[in-house]
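Visitor: Residues per chain, in single letters:
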Amino acid sequence: MMTYTRDPGVPHQKLDEETIVVDPRTREVHLFNETAARIWELLASPATVDDLTAALADEYDAPAAELRASVEETLGQLRDKGLLASQGGA
Amino acid sequence: MSAEAPVCADDALLAPPGGHQMIAYLQKQAYTNMVPLNVSLELTLRCNIRCLHCYNFDRDTRGPACGDGHEAPELSLDEIHRVLGELREAGTLFLSLTGGEALSSPHLFPVMDRARDLGFAVQLLSNGTLLRPGVAARLASYRNLTGVSVSLYGATPEVHDSITQVRGSWRRTMDGVDRLRAQNIAVRLKAIVMRTNAHQVAAMRALADGRGLTTLIDVSITARHDGTDGSLAMRVTEEQVAELYRGPLADLAPKKDRVVSEAAFPCNCARGNCAISARGDVQPCISVPWVAGNVRQQPFAEIWRSSPVFQQIRGLKMADYPKCAPCPDKAFCSRDRSAAYNASGSYTGNDPFVCSVAGIARKVAEERTAAAAVSSAACGG
Numbered sequence: 001m002m003t004y005t006r007d008p009g010v011p012h013q014k015l016d017e018e019t020i021v022v023d024p025r026t027r028e029v030h031l032f033n034e035t036a037a038r039i040w041e042l043l044a045s046p047a048t049v050d051d052l053t054a055a056l057a058d059e060y061d062a063p064a065a066e067l068r069a070s071v072e073e074t075l076g077q078l079r080d081k082g083l084l085a086s087q088g089g090a
Numbered sequence: 001m002s003a004e005a006p007v008c009a010d011d012a013l014l015a016p017p018g019g020h021q022m023i024a025y026l027q028k029q030a031y032t033n034m035v036p037l038n039v040s041l042e043l044t045l046r047c048n049i050r051c052l053h054c055y056n057f058d059r060d061t062r063g064p065a066c067g068d069g070h071e072a073p074e075l076s077l078d079e080i081h082r083v084l085g086e087l088r089e090a091g092t093l094f095l096s097l098t099g100g101e102a103l104s105s106p107h108l109f110p111v112m113d114r115a116r117d118l119g120f121a122v123q124l125l126s127n128g129t130l131l132r133p134g135v136a137a138r139l140a141s142y143r144n145l146t147g148v149s150v151s152l153y154g155a156t157p158e159v160h161d162s163i164t165q166v167r168g169s170w171r172r173t174m175d176g177v178d179r180l181r182a183q184n185i186a187v188r189l190k191a192i193v194m195r196t197n198a199h200q201v202a203a204m205r206a207l208a209d210g211r212g213l214t215t216l217i218d219v220s221i222t223a224r225h226d227g228t229d230g231s232l233a234m235r236v237t238e239e240q241v242a243e244l245y246r247g248p249l250a251d252l253a254p255k256k257d258r259v260v261s262e263a264a265f266p267c268n269c270a271r272g273n274c275a276i277s278a279r280g281d282v283q284p285c286i287s288v289p290w291v292a293g294n295v296r297q298q299p300f301a302e303i304w305r306s307s308p309v310f311q312q313i314r315g316l317k318m319a320d321y322p323k324c325a326p327c328p329d330k331a332f333c334s335r336d337r338s339a340a341y342n343a344s345g346s347y348t349g350n351d352p353f354v355c356s357v358a359g360i361a362r363k364v365a366e367e368r369t370a371a372a373a374v375s376s377a378a379c380g381g
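Chains as they are written, first to last, in the numbering used here: chain A, 1 to 90; chain S, 1 to 381.
Check the hints yourself; a few may be wrong.
Claimed, not checked - Estimated spans, in silico, between C-beta atoms of each pair:
no.: 1; chain 1: S; residue 1: T214; chain 2: A; residue 2: Q77; range: 52 to 62 Å
no.: 2; chain 1: S; residue 1: S376; chain 2: A; residue 2: Q77; range: 23 to 33 Å
no.: 3; chain 1: S; residue 1: K317; chain 2: A; residue 2: D61; range: 23 to 33 Å
no.: 4; chain 1: A; residue 1: R25; chain 2: S; residue 2: A372; range: 41 to 51 Å
no.: 5; chain 1: S; residue 1: P73; chain 2: A; residue 2: Y60; range: 23 to 33 Å
no.: 6; chain 1: A; residue 1: G9; chain 2: S; residue 2: K28; range: 42 to 52 Å
no.: 7; chain 1: A; residue 1: S45; chain 2: S; residue 2: P73; range: 53 to 63 Å
no.: 8; chain 1: A; residue 1: R25; chain 2: S; residue 2: P157; range: 27 to 37 Å
no.: 9; chain 1: S; residue 1: R50; chain 2: A; residue 2: Q77; range: 47 to 57 Å
no.: 10; chain 1: A; residue 1: T5; chain 2: S; residue 2: S76; range: 24 to 34 Å
no.: 11; chain 1: S; residue 1: R50; chain 2: A; residue 2: M2; range: 28 to 38 Å
no.: 12; chain 1: S; residue 1: Q21; chain 2: A; residue 2: R25; range: 11 to 21 Å
no.: 13; chain 1: S; residue 1: R50; chain 2: A; residue 2: S45; range: 25 to 35 Å
no.: 14; chain 1: A; residue 1: A44; chain 2: S; residue 2: R50; range: 12 to 22 Å
To be verified - In silico DSSO-like pairs for lysine-lysine, Cα to Cα no more than 30 Å straight-line:
no.: 15; chain 1: S; residue 1: K28; chain 2: A; residue 2: K14
no.: 16; chain 1: S; residue 1: K255; chain 2: A; residue 2: K81
no.: 17; chain 1: S; residue 1: K28; chain 2: S; residue 2: K330
no.: 18; chain 1: S; residue 1: K323; chain 2: S; residue 2: K255
no.: 19; chain 1: S; residue 1: K190; chain 2: S; residue 2: K330
no.: 20; chain 1: S; residue 1: K363; chain 2: S; residue 2: K323
No wet-lab data here; the hints were simulated from the structure.
C-beta: ideal position from N, C-alpha, C; glycine also.
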């Protein structure tokens with residue numbers, strides 16, 4: 001199973017209720033929504049889709065399938081933006 | 001139009017294409033919520049060149065190590081590491097590392113390591129002369145480095161080196177710039193315009209353009225923080241300002257459509273910006289040495305939240321600036337807090353030279369408007 005972690009060198013900070021992520025390589029500044037911000041936080045440590053879905057299930061009152069889809073979509077976007085560190089099978 | 005929450009140029013993320021709106025939004029959030037989103041950290045006062053205009057101290061009369069035995073030592077690496085943790089907790093994202101010459105500090109790379117681990121976006125301010133091949137490559141390894149701002153004092157070695165008082169410095173600076181570019185590090189050339197290089201402004205801009213670099217033009221030369229004012233001899237003259245605004249800086253001269261509302265008048269200092277000096281003094285800006293507290297004596301968050309200096313700055317209204325509030329030229333004024341503070345000793349004071357520059361900008365703008373009207377009438381007629 002694939003594990004994911006955020007690129008530890010990517011600058012980020014919370015400002016009020018929002019999470020800012022800066023990518024100096026692409027000169028992009030991202031403002032994350034609540035779910036993406038929580039996933040980004042969880043990705044401080046390596047995690048699988050199952051780990052992330054389970055963590056969100058403890059915090060959000062939503063069907064597991066919906067949460068899983070949200071996790072996969074967010075991971076896809078983070079990967080496409082180059083904000084995740086190398087991943088590997090576990 | 002002026003932004004609601006102006007950002008000090010040195011504290012801004014280096015020109016992110018397409019990111020200006022987002023940056024403006026973040027800066028406004030920081031300003032409104034008083035979060036120290038941008039912090040300049042002076043790593044050392046040491047410098048390997050001896051610029052005639054230096055605002056720190058007179059580098060001809062004091063040693064390069066900058067200590068005379070009567071002042072507090074510069075922050076140790078352990079102290080800086082602690083402060084970085086405090087800044088992170090307080091909400092800082094954009095960290096500018098400066099000096100003196102930041103690359104002359106033995107702490108630079110350990111600080112860069114810690115800043116990366118804590119999630120700061122780092123900008124380095126440098127004179128560029130110490131950017132040897134290995135240094136540029138090492139800087140390129142930092143994923144969190146947004147870029148390097150390199151100071152330039154002339155388009156030719158003769159002019160630049162006469163200001164730094166170090167022969168060969170222009171060549172080393174430009175080599176350093178090229179090494180950064182070779183490593184794909186964003187570079188901004190900060191061209192400091194002075195009496196002896198004003199004739200090279202167009203050439204300095206061309207130098208930057210030719211390398212695909214962004215440029216920041218700065219005409220601000222202030223009295224020094226050690227109380228001396230020899231630096232002021234390097235200031236451009238009023239005649240030079242007029243020539244520049246009519247010529248090579250016409251595109252940057254203040255325009256008449258700038259609105260100075262009550263909300264737009266204060267700058268971001270003490271609201272979204274601050275600076276920490278090499279000896280730990282917390283200031284509204286690195287070039288405004290009005291000390292709000294010292295990180296050796298108080299946690300940063302406590303200084304940021306409750307220092308009387310910062311509280312006073314946050315409470316200032318336009319009417320508290322006695323010379324500026326009624327001034328008819330304020331739409332054309334840079335309102336340079338650094339020059340004002342260092343000239344008058346007061347944050348709400350003024351620098352007569354800056355006032356003169358605003359008047360010149362207004363006159364040039366009026367000339368331009370009149371010329372456009374004549375041209376329009378000629379075309380229509």
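Visitor: Evaluate each hint against the coordinates.
Guide: Tested hints:
1. T214/S with Q77/A: 52 to 62 Å: At 29 Å between Cβs, range violated.
2. S376/S with Q77/A: 23 to 33 Å: violated (51 Å)
3. K317/S with D61/A: 23 to 33 Å: violated (47 Å)
4. R25/A with A372/S: 41 to 51 Å: With a Cβ separation near 43 Å, R25/A and A372/S satisfy 41 to 51 Å, so the hint holds.
5. P73/S with Y60/A: 23 to 33 Å: violated (51 Å)
6. G9/A with K28/S: 42 to 52 Å: violated (27 Å)
7. S45/A with P73/S: 53 to 63 Å: The hint (53 to 63 Å, Cβ to Cβ) is violated, given that S45/A and P73/S are roughly 39 Å apart.
8. R25/A with P157/S: 27 to 37 Å: At roughly 33 Å between Cβ atoms, P157/S and R25/A fall inside 27 to 37 Å, so the hint holds.
9. R50/S with Q77/A: 47 to 57 Å: Since the Cβ atoms of R50/S and Q77/A sit about 51 Å apart, the hinted range of 47 to 57 Å holds.
10. T5/A with S76/S: 24 to 34 Å: holds (33 Å)
11. R50/S with M2/A: 28 to 38 Å: Once the Cβ atoms are compared, 56 Å apart, the range 28 to 38 Å for M2/A and R50/S is violated.
12. Q21/S with R25/A: 11 to 21 Å: Since Q21/S and R25/A have Cβ atoms about 20 Å apart, the given range 11 to 21 Å holds.
13. R50/S with S45/A: 25 to 35 Å: violated (49 Å)
14. A44/A with R50/S: 12 to 22 Å: About 45 Å separates the Cβ atoms of A44/A and R50/S, which means 12 to 22 Å is violated.
15. K28/S with K14/A: It holds: about 14 Å lies between the C-alpha atoms, which stays within 30 Å.
16. K255/S with K81/A: violated (39 Å)
17. K28/S with K330/S: holds (22 Å)
18. K323/S with K255/S: This hinted pair holds, its Cα atoms lying about 21 Å apart.
19. K190/S with K330/S: holds (25 Å)
20. K363/S with K323/S: holds (19 Å)
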